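Chemist: For the protein sequence lines, the chains are L and Y, in the order given.
Residues in the first sequence are numbered from 1 upward in steps of one, following our numbering.
Residues in the second sequence are numbered from 296 upward in steps of one, following our numbering.
Calculated from the structure, these hints are not laboratory results.
A quick note: this is a predicted structure, and the numbers were derived from the prediction, not measured.
Mixed in with the good hints there might be a few duds.
EDC-like, lysine to aspartate or glutamate: derived pairs with alpha carbons at most 20 Å apart [said to hold, decoys possible]: (1) K489/Y x E384/Y; (2) K247/L x E525/Y; (3) K474/Y x E418/Y; (4) K200/L x E226/L; (5) K247/L x E516/Y; (6) K419/Y x E67/L; (7) K280/L x D660/Y; (8) K297/Y x E245/L; (9) K79/L x D436/Y; (10) K247/L x E523/Y; (11) K170/L x E634/Y; (12) K579/Y x D521/Y; (13) K247/L x E418/Y; (14) K79/L x D503/Y; (15) K79/L x D399/Y; (16) K368/Y x E324/Y; (17) K297/Y x E309/Y; (18) K499/Y x E245/L; (19) K79/L x E49/L; (20) K280/L x D508/Y; (21) K591/Y x E635/Y; (22) K247/L x D537/Y; (23) K374/Y x E523/Y; (24) K280/L x E650/Y; (25) K350/Y x E391/Y; (26) K170/L x D653/Y; (27) K170/L x E478/Y; (28) K79/L x E98/L; (29) K474/Y x D519/Y; (30) K247/L x D519/Y; (31) K232/L x E219/L; (32) K247/L x D504/Y; (33) K79/L x E478/Y; (34) K79/L x D504/Y; (35) K170/L x E652/Y; (36) K280/L x D503/Y; (37) K419/Y x E98/L; (38) K247/L x E391/Y; (39) K563/Y x E245/L; (40) K247/L x E457/Y.
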Amino acid sequence: MSIFIDAATTVEVQGATGKEGSYWLKHMAEMGTRVVFGVTPGKEGQFVENVPVFSSVQRGMKQHPAELAMLFVPPRFTKDAVFEALDAGIKKIVTIAEGVPAHELLQIRRAALSCGAFVIGGNTSGIISPGKGMAGCIPYWIQRVYRKGDIGVMTRSGSLTNEVTAEIVKGGFGVSTLIGVGGDMIPGTRFVELLPMYEKDPETKAVVIIGELGGTMEEEVAEAIEAKVFTKPLVAFVGGRTAPEGKRMGHAGAIVTGGRGSVTGKVKALEKAGAFTAAKPSQVGQLLKEAMARA
Amino acid sequence: MKLFEFQAKEAFAENAIPVPKGMVATSMEEVKTALHSIGLPCVIKAQVLSGGRGKAGLIQFAESVEEAQQKAKELFDSKHNVRKLLIEEAVDIARELYLAVTIDPVSATALFIACAEGGVEIEKLAAEQPDKIVSVKVDLDWSFMPHHMREITFGLGLEGEEAKQVGAIAKNLFSVFRKHGAELAEINPLFITKQGSLIAGDGKLIIDDCVSDGKYPLSREYFDTDTEYEAALAGIPYLQFDGDIALMCAGAGLTTTVFDLVHYAGGKVASYLEFGGPNYTRAKDAMQLCLKNPSKVILVVTFGTIARADVMATGLVEAIAELKPAVPIVTCIRGTNEEEAFATLRSIGLEPLYETEDAVQRAVDIAAGRHAL
């Protein structure tokens, strides 16, 4: 098993004929992902890598039911594309676009919550269960990063994920499922909402979270551990310990204001709950070993 | 993007939120005109984006024209990069409230925060006396309804005319918030005057760059330094510090982590710059920004996927050829097609490092004069 996506998960790709969409659809299929149809309004009847294209999600769903929607859609069309997938009854949606207006992100998350659906992203490179399935733009071919294994990874970042995951692999481990929740201030799905899936997954022995300054997602993870919602070993790397207050460090969500969202606070909360925290990415492999030995 | 007080108040006034009569002055000549039009006593408020203006002496009260001109001149001449003053009529204050609407990423709603004690540091009050804070969530698709208004006004213990006015202001503040796709629309303090009317004493508005539609074009006054302004115009994330290691990295998370690692290793960052994502082909623009301010070494760390390592290495080599930086460059460029990237870097005599921490240590050593070049 793995979570969210595996070799059996049926996937439809919105924005399938675009530059990014067609490129990554090909890679998703090559890795073994079950891509059942693509969507581009007005391009029905075309094929991308033998995958049929439809003009709407609903039209595709009639012939090829899909469980997961992968959106390669520009920010200004993202809200509509997410709602289209929700309207078609899809419960897992991944959206990579950066720059969706914050108020639309609120509406997207609110709608997903009321439909009982999960929207992963935006501003993410997506999700991958190595060897099984991938939705997004993840270079699964980099073996020293995306090796199959039993560590669940949740991350707010892209290139930092490569950095940290390479350390997990260097430590002798691999990845069960990696989920990029994205770097925006309002991620569609929060770390804490994915923890129960990792808890239930027999193939996930421990979880690594790659957090950063700003927001409260890491603190929520600490609360979930304290409440025994999550009981497996957990190692966290949280970037931005030395970031000055009030400056936005890169991601929209990475800002410390009024003393909230500081890495110190996050690390304190996680350690109090019994999680292991790494000050540097290079410590993650060793800490995983220690955490798993103690479990 | 955080707006200046006068811009926030313009947005408030456009949505029927009462603000004091005021005028913006950019010169002593305009101060004179403003004083004539506003009258006395008046409040002179430096238009800077940093918080804590009161404590920093950036808000002054004046009862005569001479006093007002003297204080205006002092503000223009201060070290706080004051380019505009807002000159406002003084208000007879009976009480102060706090009212703001922001976003709640957990419940995915708008979140009103109100408090019967204005002029406070709301984060501090929320931590120390949470029972004094009234918070009301509003679903964006439901919009602001009468029961939300009642939650706020009853929560603040208001009655009659005051409740009616605060309710109307809350409704209008929600319109401002929605119209600008705002992260925060805040009135702190919200004055209740001795005559019993409500008026916004200060205004803070953080708008969404994605929806501002060019209404607030970037200008130098929003930034602390010239280079930060130039970088913003170029669309490259950049922050200036006072150390000697210039970061030219890719990806917000990785750059922030390298920033930490430099500090752990005893180094100091001169500038934070990321040229990942859509900017990964812009090594030359990035390096040009890095070279605007003195540094002893440029540290390039990337682990790109879509932002391919080979493309970034080629861009870097071209940038070096063209800009001929006088400072050494430490590279740790990995990710998609990294073997090609290493070869490209070696072709001009650069040593491609493989581990981030090795690269950070090298840069710190060079900056400290410990590494022979």
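Chemist: CA of K79/L to CA of D504/Y, is that 20 Å or under?
Modeler: Since the Cα atoms of K79/L and D504/Y sit roughly 17 Å apart, the hinted pair holds (cutoff 20 Å).
Chemist: Is K170/L close enough to E478/Y, meaning Cα to Cα at most 20 Å?
Modeler: Distance of about 40 Å is beyond 20 Å: violated.
Chemist: Given the hinted pair K297/Y and E245/L, is their Cα-Cα distance within 20 Å?
Modeler: Measuring from Cα to Cα gives roughly 15 Å; hence the hint holds.
Chemist: Given the hint that K200/L pairs with E226/L, does the C-alpha gap stay at or below 20 Å?
Modeler: Between K200/L and E226/L the Cα gap is close to 17 Å, so the pair holds against 20 Å.
Chemist: For a C-alpha distance cap of 20 Å, please report whether K79/L and E98/L respect it.
Modeler: Given that 20 Å is the threshold and the Cα spacing comes to 12 Å, the pair holds.
Chemist: Hint check: K79/L vs D436/Y, CA-CA at most 20 Å. Holds or violated?
Modeler: Given that 20 Å is the threshold and the Cα spacing comes to 13 Å, the pair holds.
Chemist: Check the hint pairing K591/Y with E635/Y against an upper bound of 20 Å on the C-alpha distance.
Modeler: With Cα atoms ~28 Å apart, K591/Y and E635/Y exceed 20 Å; violated.
Chemist: K79/L and E49/L: Cα distance at most 20 Å?
Modeler: Roughly 27 Å between the alpha carbons, so the hint for K79/L and E49/L is violated.
Chemist: Take a quick look at whether K374/Y and E523/Y sit within 20 Å of each other, Cα to Cα.
Modeler: holds (18 Å)
Chemist: Sort out whether D504/Y lies within 20 Å of K247/L, counting only the CA atoms.
Modeler: Holds, because 16 Å separates the two Cα atoms, which is no more than 20 Å.
Chemist: Take the C-alpha atoms of K474/Y and D519/Y, compute the straight-line distance between them, and say whether it is at most 20 Å.
Modeler: Violated - the C-alpha atoms of D519/Y and K474/Y are around 28 Å apart, more than 20 Å.
Chemist: Run the distance test for K170/L versus E652/Y: straight-line Cα separation, threshold 20 Å.
Modeler: The given pair, whose Cα atoms are some 15 Å apart, holds under the 20 Å limit.
Hint violations for this structure: numbers 3, 6, 19, 20, 21, 27, 29, 36, 37, 38 and 40, all remaining hints satisfied.
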